[in-house]
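Number of protein chains: 2
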Amino acid sequence: MQIAMIQDEIVPMEEVGSVYLDRGVFFGDGVYEVVRSYNGKVFALEEHLQRFAKSLAAIGITKVDIDEVRARVQQAFDTAGISNAKIYFHITRGSAPRNHVYDKNLEPNFFLTVTELADDTEAKNKGIAVSTHPDWRWKRCDIKSLNLLPNVLARQDAAGKGCAEAIFVDDAGLITEGASSAFFGIFGQRLQTAPLANNILPSITRGFVIEANKNVGLELVEKSFTPAQAADADELFIAVTTQDIVPVVKFDDKIIGDGKPGSSTKQLMAEFQSLVL
Amino acid sequence: MQIAMIQDEIVPMEEVGSVYLDRGVFFGDGVYEVVRSYNGKVFALEEHLQRFAKSLAAIGITKVDIDEVRARVQQAFDTAGISNAKIYFHITRGSAPRNHVYDKNLEPNFFLTVTELADDTEAKNKGIAVSTHPDWRWKRCDIKSLNLLPNVLARQDAAGKGCAEAIFVDDAGLITEGASSAFFGIFGQRLQTAPLANNILPSITRGFVIEANKNVGLELVEKSFTPAQAADADELFIAVTTQDIVPVVKFDDKIIGDGKPGSSTKQLMAEFQSLVL
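Read top to bottom, the protein sequences are chains A and B.
Under my numbering, the first residue of the first sequence is numbered 1, with each subsequent residue one higher.
Under my numbering, the first residue of the second sequence is numbered 1001, with each subsequent residue one higher.
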């Protein structure tokens, strides 16, 4: 008799709920997005849905109607009635007995949460500390997949050092990005971040930072830099959907600038807010 | 109101089953093993449990009693009553609202299946075709984690080419291993496979191949080789728990030897069986 065991309970295989056979848990075989709302309106939903569609296509999940995803996000957001909300959603390839090779006719599984999002005012006002971690991720970080164990391990390592984010450093000694954020340095009048490639998530917030900078006027340079260069930057910040721009005032053991959010970062934060509202 | 949406159904957050909040699906935050039985006896369970304990420790899941895992595996196997069984089990860090950083007191989730395992006699008698794929995996493949999307994509690519396994090739142009197997070449009297390192799973079956070879007497060389070298090998095979040794008779477009399982591979297969029975 084929069986499953869930915690310490034995269940005949035919009675195992499909959620236990989700390829999401067997393989991380799915992709996700996080969007947020500002004051009752979901921000940049189309950009996130476009990226979601790209991620789905990249891993060959073809049976998803993005219009339906959009409708579900909107319906869930409206139902929750949370003005400043964080909306997480993922789609996995579906549920089936475990086998690497998949049936293309599997029905994808959809899961979404809408939760309260409190802006972390202290982090934004005072800045955060970050720590570096080797970039152990796979080679297709341009796909926003559920294979996030290296991100978890890096974030936990950072948390153990009292840091709010981990900054990945690749084998060449170059910073790629944060474990769940894009990473920027300001060197004089230069705004620098790693170029988009297979080892970088095409961050939506990164795009809005670049947009916000049009009114600040720093020279944008998409070129990777090293931890030593970061430690010597005039200003540093991370960019992430849930918090937009958060100043970084400590990089490993090095205090950045005078240990307070820098003036260009504050200008970018203000310009970002004007894009949002 | 914080809510979740499962497929198209909205559920208040407090009513969402913990299985939907499994860090296994959010992050692939867990590790797994596959063991098999031969004729009513689980093979090499201790070796697999030792590796499982190492994987758990490597990702910081500390609240697992390996004796309890052993007891569950044995209980499930006994209950199933399948003589030649495949036993899959995983442990994830636990269930919680999604957050990279985790609470060390989370209760891990255990899941196991026992299913019928039919030896693929045709594959063993005739050999299989394999195809190469870039090794997109993370940098800690020595940890048997649930982050298996690159393995899925490679296996699906191979299946599309009529191949039974994908063989990973790293950025340096060297073969690491199969998407779910170890990979060996025989060059004259030399038995060659990649050395164990962070980019290779310490395969239990690989260890038994090396053990079986003591009675065959090939010279073991643990050194990586290239796809071009593999295509010129006298014999090739994969080693995997569920099938032990399976000869490879086609490597990408190249027929290996005379297109039939080679004599040294067949000797290793026979010696492997004597270890098992």
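Do not take every clue at face value.
As the list claims (entries may be wrong) - On the chain A side, residues computed to face chain B include the following (Cβ under 10 angstroms): (1) VAL16; (2) GLY17; (3) ARG72; (4) ALA80; (5) GLY81; (6) HIS90; (7) TYR102; (8) LEU112; (9) THR113; (10) ALA154; (11) PHE187; (12) GLY217; (13) LEU218; (14) LEU220; (15) LYS223; (16) PHE272.
No lab work stands behind these hints: they were computed from the structure.
All values derive from a computational prediction rather than experimental measurement.
C-beta: ideal position from N, C-alpha, C; glycine also.
Q) Does A:ARG72 meet its interface restraint, that is, does its C-beta lie within less than 10 angstroms of any C-beta in chain B? A) Holds: closest Cβ of chain B sits about 6 angstroms from A:ARG72, inside 10 angstroms.
Q: Let me know if the C-beta of A:ALA80 comes in closer than 10 angstroms to any C-beta of chain B, holds or violated.
A: With a minimum Cβ separation of about 5 angstroms from chain B (threshold 10 angstroms), the hint on A:ALA80 holds.
(Q) Using the nearest Cβ pair, does A:GLY217 come within less than 10 angstroms of chain B? (A) 34 angstroms, violated
Q. Was the hint right that A:LEU218 lines chain B, CB cutoff 10 angstroms?
A. Violated. Min distance 30 angstroms.
Q | Per-residue hint verdict: A:GLY17, partner chain B, C-beta under 10 angstroms | A | 8 angstroms, holds
Q) Holds or violated: is there a CB of chain B closer than 10 angstroms to the CB of A:GLY81? A) Hint holds; A:GLY81 Cβ to chain B Cβ min 6 angstroms, cut 10 angstroms.
(Q) Less than 10 angstroms between beta-carbons is the criterion; does A:ALA154 satisfy it with respect to chain B? (A) 8 angstroms, holds
Q) For the hint on A:VAL16, does the least C-beta distance to chain B fall short of 10 angstroms? A) 8 angstroms, holds
Q | Evaluation of the interface hint that places A:THR113 against chain B, nearest CB under 10 angstroms | A | This hint holds: A:THR113 lies near chain B, its Cβ roughly 5 angstroms from the closest one there, short of 10 angstroms.
Q) Taking 10 angstroms as the limit, does the beta-carbon of A:HIS90 come near enough to a beta-carbon in chain B? A) 7 angstroms, holds
Q.
For the restraint on A:LYS223, tell me whether the closest CB of chain B is nearer than 10 angstroms.
A. 21 angstroms, violated
**Q.** Hinted contact A:PHE272 with chain B - closest CB pair below 10 angstroms
**A.** This hint is violated: A:PHE272 lies away from chain B, its Cβ roughly 23 angstroms from the closest one there, beyond 10 angstroms.
In summary, the structure is inconsistent with hints 11, 12, 13, 14, 15, 16 from the numbered list given earlier, while agreeing with the others.
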